[in-house]
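Protein chains in written order, with the numbering used here: chain A, 1033 to 1362; chain B, 5 to 231.
Keep in mind that the hints were calculated from the coordinates and are not lab data. Please note that a few of the clues may not be correct.
Below, in silico cross-link-like pairs of lysine-lysine (PhoX-like), each with a Cα-Cα straight-line distance of 20 Å or less [unchecked claim]:
(1) A:K1331 <-> A:K1207
(2) B:K37 <-> A:K1101
(3) B:K93 <-> B:K37
(4) A:K1099 <-> B:K150
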Amino acid sequence: MTTIEETALVALLDMPSLLIEADKVVFANRAATALLGAHIVGQDVRLALRQPDAMALINARDGGHAKVKGISVSGSLWDMACHVLSGGRRLVLLQDLSIQASVARAHADFVANASHELRTPLAAILGYVETLEDAKAGDDPATRARFLGIIRREAQRMQSLVEDLMSLSRIEAVKHDRPETVIDLAALVREAAGETQASITLEMKTAAPNVAVQGDRGQIAQVLRNLIDNAVKYGDPTKPVSVILEATPDTGWASVSVHDEGEGIAPEHLPRLTERFYRADASRSRAVGGTGLGLSIVKHIIERHRGFFDISSRVGEGTTASIMLPTVQG
Amino acid sequence: MANHTVTAVDSDIGRLRGLISEMGGLAEDAIQKSIASLMQHDLDLARAVVAGDARIDALEADVDRLAVRIIALRAPMADDLRDVIAALKIAGVIERIGDYAKNIARRVDGMEFRGKIEPLILVPAMADIARSMVHDVLDAYAARDKELAIEVIRRDDQVDNFYDSIFRNLVAHMMENPATISSAANLLFVARNLERIGDHATNVAEMVHYAATGDYLQDRLAGQKSA
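Bound-form chain A, shown alone (with noise of 0.2 Å):
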């Protein structure tokens, strides 16, 4: 075979795939430019694919396959295979595999994630027991008392984390089809505002008594039920929190806001905050009986009902967080 019918049918190719002679790129096809920049043709390889475990592939003597990682964006995962072909060229094709690695990737740390969520509660509380069950411990009333405080406490954290990752997995089952009820988001809001111990400011900024949205209520009034504990939870106690409901008809959208005033969140946290048990000062959500699944439950439940979910935050100032939601029209 000659080269020209060689680069004739590497270019027919979808995948990124490129013809090497002599540790140079001779052809590379338009997959293979987007990937790797128009720049590689003419050029040594390894400016090309400068991975170590691709590098050793390229050498090979017979070819094969190999699992690349960091090729074009770090992170990616690429399947590559080199094939020789006649006069020592040789054919590398590549094929990504990042979606399903992530997919798996994120299942795993998932799975790692809950079991220790789930363990240092247990451990707390089977740690405890034991104490109690030694005589020189467990008769003293005072003692006792305070250990079953906290085997109590250790035990409503994982009932809490218990019920979230039931919620959690119940929401992602459901989260292709879009709820078709008709709800008031405004009577939701009332009704979450209202639950609360802690003084809250209501603002409804709202052209009809009503705002008529598709959803599912219980869902909802889970997201405004989180936020406002959130709100209250990591605010400034002395400070109201404010709750603003935003509805104009022409817009097509509603949007409920909840503000507080507390410490803020420092920038580097904010993209990661909706990240299941990601913390952005984990003590401190140990101690107000955060589960780290909060927001990961707002962010899917939004997901689900089409809208969007934003936090913002200034150090020193608040966040705030919002969620805004297509309205129904008429």
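Put chain B on the given structure of chain A with help from the hints.
Chain B in isolation, oriented as in the chain A frame:
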């Protein structure tokens, strides 16, 4: 000069640039593996990173030899000469980046944390940024992309911010948990090494910009500030 016919100089410089890219690929891999060994407390992986640094050092020597040969035999001029000078300097910097990754891997054995303390969660996020700087500066080198080089330099502030945040966090952690001081001190060195990797990626970016344009970026940025 860009269109001159293919000569022995071109082919030698192509090889020189290939060597730099190969070194960079190894350094990038070493950073990723050193952090992975830290997070998983994988001592075998950490040892492999330490051992692997010799390969980077050997490549640096190859770069030196080839650069000297090109200067001696081919008398490169103008942008060819800039390429050779930049390659010499970049090889030295990448060798240092490799050393920092090796230092991180060496400290894995001295760290034992129960559970996930907060600074330990920040370290991989910081490492991701430092590694992405190295990754992108190598892409910029391969493509002679001066805009990407400038973008990498801008990102260094993020790494510095992370370092400050980890530093404060660790000092607080050490005061609350004196038993973990030696582990925490090791972790502080890890963060320091990552911060240096970010600085060195910036140095490479400046050389990439120099090789591509002939301008020293330091002068240009300084000029912008005073203007």
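Between the alpha carbons of K93 (chain B) and K37 (chain B), is the straight-line distance 20 Å or under? The given pair, whose Cα atoms are some 25 Å apart, is violated under the 20 Å limit.
Hinted pair K1099 (chain A) and K150 (chain B), Cα distance within 20 Å: This hinted pair is violated, its Cα atoms lying about 30 Å apart.
Given the hinted pair K1331 (chain A) and K1207 (chain A), is their Cα-Cα distance within 20 Å? 11 Å, holds
20 Å Cα cutoff - pair K37 (chain B), K1101 (chain A): 11 Å, holds
The structure does not agree with the numbered hints 3, 4 stated previously, though it agrees with the rest.
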